[in-house]
Amino acid sequence: MYRLLFIIFLGLGSAQADERVIIGAGAGWVNEDFSFTNSQGEKTVGSSAAIENLKIGYGDIKKYAITFTVSYSEYSQNLFSLNDGSKMNLDIDLIKSFDLNSSFIPFVSMGMGVGHMTVERELENYVEGGSFQVGTGLYYQIAPYMDLELNIQYKWAHWTSLDFISTKPETSSTSLLGTLGVNFRF
Amino acid sequence: MHTIYKLLLLLSMLSIFTACDEKTEGDPLVPDILGLKAIDAPNKSYALNKHLLNINAMYSSDYESDVTEYVSWNVSDTQSGVMSTTTLNEYLANAKSGTPTISFSYKGIVGSVIIENIAIRDMNVSLSDENLSINSTYQCDLNATYEDNTSSADIDYSTPFISQVLWESNNTTLATVDQNGLITTIESGLVKITARAFENYTIEINGANEVNSSIEIIISENNSSI
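As they're listed, the protein sequences go chains A and B. Here the first sequence is numbered in the working numbering, starting from 17 and rising by one per residue. Here the second sequence is numbered in the working numbering, starting from 16 and rising by one per residue.
For reference, chain A alone in the conformation it holds in the complex (with noise of 0.2 Å):
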């Protein structure tokens, strides 16, 4: 039975030549810059946060892709309240990949997302926000059902307004990723 699995495994693998479904995940870190604007000036401070990430996508290693990745990571300093839960980001991304027939497959990438953030304010108990990234990276093919994935990435992403009763101001970020991980192609 188990033979038999494998088999049609391997068969449902050549028969879509080079597109496969991808798995995978990854961690690494991410250097985000908040700045937000109301009546008293822009503040503008830096954070940091490990990232772990977890994507599902299809595409062909050496040609295109499109990768959808859900990611959290918990910031180092508290944003928005006095304590900031865990950020989780939902990200889709169009893959362009250059084939240099080697291991190493270099890429470009760009995408959009969406992040929620849990906070303890007194109005408000999460913040949204929209994005827009894009990145470049490095696969490196093990095998033809496996990479690793090195991919560095820039986001710019707009938090949805707070109320602050007779304003609603609103934060602003751009962040620099960086994340090794794994990948699955089936």
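Just to be clear, a hint being listed does not mean it is correct.
Some chain B residues close to chain A (C-beta under 10 Å, calculated; not the full set) [claimed, not checked]: (1) 41; (2) 42; (3) 44; (4) 51; (5) 54; (6) 74; (7) 75; (8) 76; (9) 84.
DSS-like mimics (lysine-lysine), calculated; alpha carbons at most 27 Å apart, straight line [said to hold, decoys possible]: (10) 184/A / 52/B; (11) 52/B / 65/B; (12) 111/B / 65/B; (13) 52/B / 111/B; (14) 207/B / 184/A; (15) 112/A / 78/A; (16) 52/B / 59/A; (17) 207/B / 122/B; (18) 52/B / 122/B.
Keep in mind the hints are simulated off the structure, nothing from the lab. We put the CB at the ideal spot given by N, CA and C, even for glycine.
Start from chain A and add chain B according to the hints.
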């Protein structure tokens, strides 16, 4: 397969490493609302006086902003004080003595202030002119004494006290009176001019449902007398 195990181990170590980052203490980037407070609210008010109450929101980064137009109001004892139905933040000291709590709130953030209200003990209408003739105008005076013996003459009203009451003439064919207590004589005869405060009030003030004072005047062709 050894390669896979090594990769999983590498990722696990990386996750553990990144998870070790601890949050630093300190104020957040974005200030939060600490509460609401009334600005320049009086401690004491006298019946029929009005006060504009302004509300500030206090923020964690040591600043405040005016949020008067965004809050909703509630007065705990409406017989002692009410919020105006026409002016957003105008508090009206009502008929009864008491210490109403005036609450202001925005989406669950609540602030309050207590304003002691002093009721009117009695009111008196007077007229300085002794000779009243037809087709003339005469200005009434109105004074009140409050329960703490303060005279209305010693109180700084936001709106003149004399125009806070309802003025009536019992015979408008002989004389009329406007809402500032100005009598206009028309024909000769006897007329009763009355000033009423809290008319048709639902509680009794000194045994009545209002505070009032009257004066009778006699108007003659050439001159008249009180």
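Each hint, compared with the structure:
1. 41: Holds. Min distance 6 Å.
2. 42: holds (8 Å)
3. 44: Hint on residue 44/B: holds, closest Cβ of chain A at ~5 Å, below 10 Å.
4. 51: Holds. Min distance 8 Å.
5. 54: For residue 54/B, the interface hint is violated, since the closest Cβ of chain A sits about 14 Å away, which is over 10 Å.
6. 74: Given a least distance of 7 Å, the restraint on residue 74/B holds.
7. 75: holds (8 Å)
8. 76: holds (7 Å)
9. 84: holds (8 Å)
10. 184/A / 52/B: holds (20 Å)
11. 52/B / 65/B: holds (19 Å)
12. 111/B / 65/B: holds (15 Å)
13. 52/B / 111/B: holds (25 Å)
14. 207/B / 184/A: violated (59 Å)
15. 112/A / 78/A: Between residue 112/A and residue 78/A the Cα gap is close to 8 Å, so the pair holds against 27 Å.
16. 52/B / 59/A: Given that 27 Å is the threshold and the Cα spacing comes to 26 Å, the pair holds.
17. 207/B / 122/B: Given pair residue 207/B, residue 122/B is violated - Cα atoms ~52 Å apart, limit 27 Å.
18. 52/B / 122/B: holds (15 Å)
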